[in-house]
Amino acid sequence: MNVLILGGYGVFGGRLARLLVEDGHTVTVAGRNGQKARGFATEIGANPLQLDSTDADALAAALNTTEVVIDAAGPFQGYDDDPYRVPRAAIAKGRHYLDLSDDAGFTSGISTLHGDAEAKGVTVLSGLSSVPAFSAAAARSGSNGLTEIALIESAILPGNRAPRGMSVMRAILSQAGNPLPLWRGGQWRDTHAWTKSKHIHLSVPPSWEKYPGGSGGLGPPASRRLKGGANLAPITRPAAFIGAPDLTLFPQHFNARSVLFRAGLELRLMHHGLAAFALIRRFRLLPRLDRFATPLHRVASWLEGG
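Residue numbers (my numbering): 1 to 306.
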């Protein structure tokens with residue numbers, strides 16, 4: 001199968017491209033930076049393509065030679081002018097479309113293309129990422145047999161050594177301090193993104209340590225474990241409210257009275273530092289924080305070994 005991946009040399013797009021090549025698919029790694037596309041494509045045995053998806057003619061030409069297009073570029077929160085230009089172009093060419101969106105508005109709004117996709121006989125799927133794909137699977141598994149759901153609450157808590165791409169960082173920063181509607185008690189209530197942190201307690205099985213990468217430093221050191229390797233105390237991580245497709249999709253799909261979603265950073269300096277910036281942004285004393293994505297990404301890289 002011929003697969004075109006937009007943002008194919010990024011953190012998530014790159015992993016997906018590598019896996020698809022290993023599975024025997026013909027993959028085209030596309031993105032605005034031709035040098036990065038060529039370098040990564042050569043490394044994994046894919047085809048490189050310098051492509052700006054806002055160029056309608058160039059996008060149409062790229063779609064002529066593929067069967068499936070996957071948008072792994074993002075940040076989907078920034079697709080303001082014409083958010084569905086890529087899926088609409090894919091539908092027009094009779095190509096299947098998938099994306100890794102984690103934006104609530106973008107992912108829920110993709111349903112407006114259902115009729116056009118059905119008429120063309122193609123598949124259009126959005127949100128094939130940690131949220132809402134994995135979180136929905138977990139919610140469905142946990143809700144089997146329930147007649148009433150009071151609360152679906154989930155969080156994503158990456159380790160400090162987890163790869164962080166610019167798109168993900170821009171997506172988080174673009175929300176921090178901005179209004180965030182939450183479905184609570186059967187009605188929409190307003191809060192602000194990256195506020196109201198709470199501590200989430202995690203229990204990490206010692207058996208995780210045997211896998212490549214282990215628990216990524218999540219578990220406590222040996223001095224804090226019980227005899228036999230069991231954890232002496234749970235690990236705690238701060239987590240703050242953040243936007244995710246779950247917040248708009250789950251209330252109706254699962255008929256839940258409340259749906260909450262949080263995210264947190266392992267280093268408290270980074271987590272609470274961002275919370276401070278979000279508070280300042282909340283009172284409009286700063287512009288949108290994604291404007292500072294490049295220097296903040298640099299700082300995060302310096303602290304990566306922390």
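Treat the hints as calculated values from the structure; they're not laboratory data. All figures in this text were calculated on a predicted structure; none of them were measured in a lab. Hints are not guaranteed to be accurate.
What the hints assert, rightly or not - Lysine to any residue pairs mimicking SDA-like chemistry, simulated, CA-CA at most 20 Å apart:
hint: 1; residue 1: Lys198; residue 2: Lys120
hint: 2; residue 1: Lys196; residue 2: Pro181
hint: 3; residue 1: Lys36; residue 2: Ala58
hint: 4; residue 1: Lys196; residue 2: Thr123
hint: 5; residue 1: Lys120; residue 2: Thr26
hint: 6; residue 1: Lys93; residue 2: Gly78
hint: 7; residue 1: Lys120; residue 2: Met1
hint: 8; residue 1: Lys93; residue 2: Asp57
hint: 9; residue 1: Lys36; residue 2: Ser53
hint: 10; residue 1: Lys120; residue 2: Pro181
hint: 11; residue 1: Lys196; residue 2: Ala276
hint: 12; residue 1: Lys93; residue 2: Ser53
hint: 13; residue 1: Lys93; residue 2: Leu125
hint: 14; residue 1: Lys196; residue 2: Met270
hint: 15; residue 1: Lys196; residue 2: Asn178
hint: 16; residue 1: Lys36; residue 2: His297
hint: 17; residue 1: Lys198; residue 2: Arg284
hint: 18; residue 1: Lys36; residue 2: Gln50
hint: 19; residue 1: Lys120; residue 2: Ala138
hint: 20; residue 1: Lys196; residue 2: His253
hint: 21; residue 1: Lys196; residue 2: Leu151
hint: 22; residue 1: Lys93; residue 2: Ala137
hint: 23; residue 1: Lys198; residue 2: Thr123
hint: 24; residue 1: Lys93; residue 2: Thr123
hint: 25; residue 1: Lys93; residue 2: Asp82
hint: 26; residue 1: Lys196; residue 2: His271
hint: 27; residue 1: Lys36; residue 2: Ala276
hint: 28; residue 1: Lys198; residue 2: Glu153
hint: 29; residue 1: Lys93; residue 2: Val122
hint: 30; residue 1: Lys93; residue 2: Glu67
hint: 31; residue 1: Lys198; residue 2: Ala155
hint: 32; residue 1: Lys93; residue 2: Arg184
hint: 33; residue 1: Lys36; residue 2: Arg15
hint: 34; residue 1: Lys93; residue 2: His114
hint: 35; residue 1: Lys196; residue 2: Asp82
hint: 36; residue 1: Lys196; residue 2: Leu182
hint: 37; residue 1: Lys198; residue 2: Leu125
hint: 38; residue 1: Lys120; residue 2: Glu67
Taking the hints in turn, this is what the structure says about them:
1. Lys198 / Lys120: violated, 47 Å
2. Lys196 / Pro181: holds, 14 Å
3. Lys36 / Ala58: Holds. Lys36 to Ala58 sits at ~18 Å (cutoff 20 Å).
4. Lys196 / Thr123: Since the Cα atoms of Lys196 and Thr123 sit roughly 38 Å apart, the hinted pair is violated (cutoff 20 Å).
5. Lys120 / Thr26: violated, 23 Å
6. Lys93 / Gly78: Distance of about 25 Å is beyond 20 Å: violated.
7. Lys120 / Met1: holds, 19 Å
8. Lys93 / Asp57: Since the Cα atoms of Lys93 and Asp57 sit roughly 12 Å apart, the hinted pair holds (cutoff 20 Å).
9. Lys36 / Ser53: Judged against 20 Å, a Cα distance of about 16 Å means the pair holds.
10. Lys120 / Pro181: violated, 35 Å
11. Lys196 / Ala276: holds, 11 Å
12. Lys93 / Ser53: holds, 15 Å
13. Lys93 / Leu125: Satisfied, since the Cα-Cα distance of roughly 16 Å is no more than 20 Å.
14. Lys196 / Met270: Holds, at roughly 15 Å.
15. Lys196 / Asn178: Holds: Lys196 and Asn178 sit about 13 Å apart, inside 20 Å.
16. Lys36 / His297: holds, 18 Å
17. Lys198 / Arg284: Distance of about 24 Å is beyond 20 Å: violated.
18. Lys36 / Gln50: holds, 9 Å
19. Lys120 / Ala138: violated, 32 Å
20. Lys196 / His253: Distance of about 26 Å is beyond 20 Å: violated.
21. Lys196 / Leu151: holds, 18 Å
22. Lys93 / Ala137: violated, 31 Å
23. Lys198 / Thr123: violated, 39 Å
24. Lys93 / Thr123: Answer holds: Lys93 to Thr123 is near 12 Å, not above 20 Å.
25. Lys93 / Asp82: holds, 18 Å
26. Lys196 / His271: holds, 12 Å
27. Lys36 / Ala276: Distance of about 34 Å is beyond 20 Å: violated.
28. Lys198 / Glu153: Judged against 20 Å, a Cα distance of about 12 Å means the pair holds.
29. Lys93 / Val122: holds, 10 Å
30. Lys93 / Glu67: Holds - the C-alpha atoms of Glu67 and Lys93 are around 9 Å apart, at most 20 Å.
31. Lys198 / Ala155: Roughly 11 Å separates the two Cα atoms, so the pair holds.
32. Lys93 / Arg184: violated, 42 Å
33. Lys36 / Arg15: With Cα atoms ~15 Å apart, Lys36 and Arg15 stay inside 20 Å; holds.
34. Lys93 / His114: holds, 15 Å
35. Lys196 / Asp82: violated, 33 Å
36. Lys196 / Leu182: holds, 13 Å
37. Lys198 / Leu125: Not satisfied, since the Cα-Cα distance of roughly 33 Å exceeds 20 Å.
38. Lys120 / Glu67: OK: Lys120 and Glu67 at ~13 Å, within 20 Å.
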